[in-house]
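S.K.: Here the protein sequences line up with chains W and A, keeping their order.
Note that the numbering used here gives residue 42 to position 42 of the first sequence, counting from 1, and the numbers run on in steps of one.
Note that the numbering used here gives residue 257 to position 66 of the second sequence, counting from 1, and the numbers run on in steps of one.
Derived by calculation from the structure, the hints in this document are not laboratory data.
Every value quoted in this text rests on a predicted model; they were computed, and no experiment measured them.
Some hints here could point you the wrong way.
Said to hold, decoys possible - Here chain A is said to cover these stretches of chain W; the calculated rule only asks that three of the stretch's residues, wherever they fall, bring their Cβ under 8 Å from a Cβ of chain A:
id, stretch
1, 98-109
2, 167-176
To be verified - Sample of chain W residues at the chain A side, in silico, Cβ under 10 Å:
id, residue
3, V55
4, E56
5, G93
6, G94
7, L124
8, G152
9, Q156
10, E158
Unchecked claim - Every beta carbon over 12 Å from chain W, so not counted as near; a handful from chain A, in silico:
id, residue
11, T339
12, D352
13, Q361
14, G362
15, R399
16, D406
17, N408
18, K423
19, F425
Don't be surprised by glycine CBs; every beta carbon is placed ideally from N, CA and C.
Chain residues, written in single-letter form:
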Amino acid sequence: MELNLAHSRLHHRLITILILALLLVAGGAAAFMLLRSHLAGPRRLAAFSESGVAVEIRLERDASGASLLAATFSPEGKGFHLYASDLPREGVGGLGRPTLLELPLQAKMQPDGPMQESVSAGPLEVVPGQAGLQVYPEGPVTLRLPVKLPAGCSGQVEDQVSVTYMACSSNGCRRPVIERLVDVEIPCAQR
Amino acid sequence: MPNNTPIPAHKELKTGCHGGVFGLLALLLLAAMACRSLPLGAASTPTPGFEVIRVVTLVPTPTQSPTETPEETASPGPTPEPTTAPVQALEPTPEPTSTEPPARPTPLGGFMIVRLHPKQGDLASLLETEAEKAAGLGLEAFVEFSATWCPACQAIEENLDHPLMEDAFQGAYIIHLDVDEWNEDQVTGAGFVFEYIPIYFRLDEAGRPTEDFIDGNAWGENIPENMAPPLKEFFSGGER
Numbered sequence: 001m002e003l004n005l006a007h008s009r010l011h012h013r014l015i016t017i018l019i020l021a022l023l024l025v026a027g028g029a030a031a032f033m034l035l036r037s038h039l040a041g042p043r044r045l046a047a048f049s050e051s052g053v054a055v056e057i058r059l060e061r062d063a064s065g066a067s068l069l070a071a072t073f074s075p076e077g078k079g080f081h082l083y084a085s086d087l088p089r090e091g092v093g094g095l096g097r098p099t100l101l102e103l104p105l106q107a108k109m110q111p112d113g114p115m116q117e118s119v120s121a122g123p124l125e126v127v128p129g130q131a132g133l134q135v136y137p138e139g140p141v142t143l144r145l146p147v148k149l150p151a152g153c154s155g156q157v158e159d160q161v162s163v164t165y166m167a168c169s170s171n172g173c174r175r176p177v178i179e180r181l182v183d184v185e186i187p188c189a190q191r
Numbered sequence: 192m193p194n195n196t197p198i199p200a201h202k203e204l205k206t207g208c209h210g211g212v213f214g215l216l217a218l219l220l221l222a223a224m225a226c227r228s229l230p231l232g233a234a235s236t237p238t239p240g241f242e243v244i245r246v247v248t249l250v251p252t253p254t255q256s257p258t259e260t261p262e263e264t265a266s267p268g269p270t271p272e273p274t275t276a277p278v279q280a281l282e283p284t285p286e287p288t289s290t291e292p293p294a295r296p297t298p299l300g301g302f303m304i305v306r307l308h309p310k311q312g313d314l315a316s317l318l319e320t321e322a323e324k325a326a327g328l329g330l331e332a333f334v335e336f337s338a339t340w341c342p343a344c345q346a347i348e349e350n351l352d353h354p355l356m357e358d359a360f361q362g363a364y365i366i367h368l369d370v371d372e373w374n375e376d377q378v379t380g381a382g383f384v385f386e387y388i389p390i391y392f393r394l395d396e397a398g399r400p401t402e403d404f405i406d407g408n409a410w411g412e413n414i415p416e417n418m419a420p421p422l423k424e425f426f427s428g429g430e431r
């Protein structure tokens with residue numbers, strides 16, 4: 001009788017320890033996932049809407065762990081497009097304005113490679129018979145700029161990025177947004 | 192065979208008199224033209240904020256436009272068919288300095304396009320003045336918002352010489368406002384609300400915007416054949 005009771009208590013303790021261990025493992029895994037997503041996943045830095053375009057700025061990491069500053073430009077309204085990033089700043093013959101994601105001179109982040117675009121631009125003939133301007137297809141466009149995060153600091157630092165764009169349809173345009181500075185908070189580089 | 196017969200003295204005198212009379216008449220004509228062209232001089236060195244971009248008259252009038260060039264004034268009077276004789280494009284004024292009142296255009300058929308600059312003053316007041324001028328010319332006042340970076344706006348500009356477009360703009364006094372010069376506060380302060388250019392607003396007699404407007408959505412491809420019909424309906428006050 002006493003032997004059975006002792007055995008039962010031992011069994012109960014083992015089960016309790018097992019449950020606690022499982023809970024600990026699950027908690028640790030959750031914390032690890034959270035930390036991982038915090039460090040490696042896309043991190044929204046800023047979002048706004050101006051001149052008919054919703055802009056979201058994020059910090060991403062590529063497969064190799066390098067940091068990418070990303071901006072998604074989403075024209076609001078049917079039929080609107082954005083101009084190619086390689087358009088001259090003053091447009092072609094004054095027409096159009098490029099879509100740009102840039103780091104101002106005073107920025108703490110530093111560019112670390114050429115900008116990448118999510119879609120390719122093609123010519124759009126606004127006036128029949130005239131050479132078309134290079135525009136992205138209708139819909140969102142994401143520009144990604146490889147960046148080096150600031151070193152020699154810890155935690156988060158305030159920084160700024162610059163965006164330029166203009167949304168047009170075949171029959172008109174919204175006001176261009178030229179070199180709008182956007183405040184962002186970015187993590188420092190890991191040592 | 193050359194005629195070496197000397198001209199009789201009285202005939203020579205008469206010819207001389209004729210020459211003198213014609214010369215005098217020519218001088219008087221030139222003086223009159225010079226007097227009338229004073230506003231032209233003002234328009235050539237435009238006063239603050241006022242700049243006549245284009246004057247198109249389909250019905251030549253005996254009075255001289257302040258923006259007509261000597262060549263244009265030398266052109267003969269009425270022609271049987273409508274022409275687009277005086278078309279004048281003036282260079283933009285980088286830095287207005289004078290405070291003289293703006294050049295007052297003389298009555299014309301056709302249409303007129305003028306440009307206003309913010310340095311001239313409050314937009315609402317300027318538009319009130321321009322609406323009065325338009326009424327004085329027998330034209331109806333409209334405000335056009337445009338910009339150099341806007342391909343569709345430039346398509347209109349480039350096609351203004353097209354007969355269909357000239358016909359569409361007939362009777363309109365277009366007040367051209369560049370959205371790069373006029374900021375949103377100034378524009379909304381004068382009662383204009385829009386997000387999209389090109390756009391034309393009909394003005395009331397006091398130069399205030401009405402709810403009647405037309406923008407690039409009214410046509411398809413930016414060609415005169417597409418743009419002119421809806422613009423003509425709008426400027427002529429027709430229902431669209």
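S.K.: Evaluate each hint against the coordinates.
M.R.: For each hint, the structure was consulted:
no., hint, in the structure
1, 98-109, "violated (count 0)"
2, 167-176, "holds (count 9)"
3, V55, "16 Å, violated"
4, E56, "21 Å, violated"
5, G93, "9 Å, holds"
6, G94, "5 Å, holds"
7, L124, "9 Å, holds"
8, G152, "41 Å, violated"
9, Q156, "34 Å, violated"
10, E158, "28 Å, violated"
11, T339, "5 Å, violated"
12, D352, "14 Å, holds"
13, Q361, "23 Å, holds"
14, G362, "24 Å, holds"
15, R399, "23 Å, holds"
16, D406, "6 Å, violated"
17, N408, "6 Å, violated"
18, K423, "17 Å, holds"
19, F425, "15 Å, holds"
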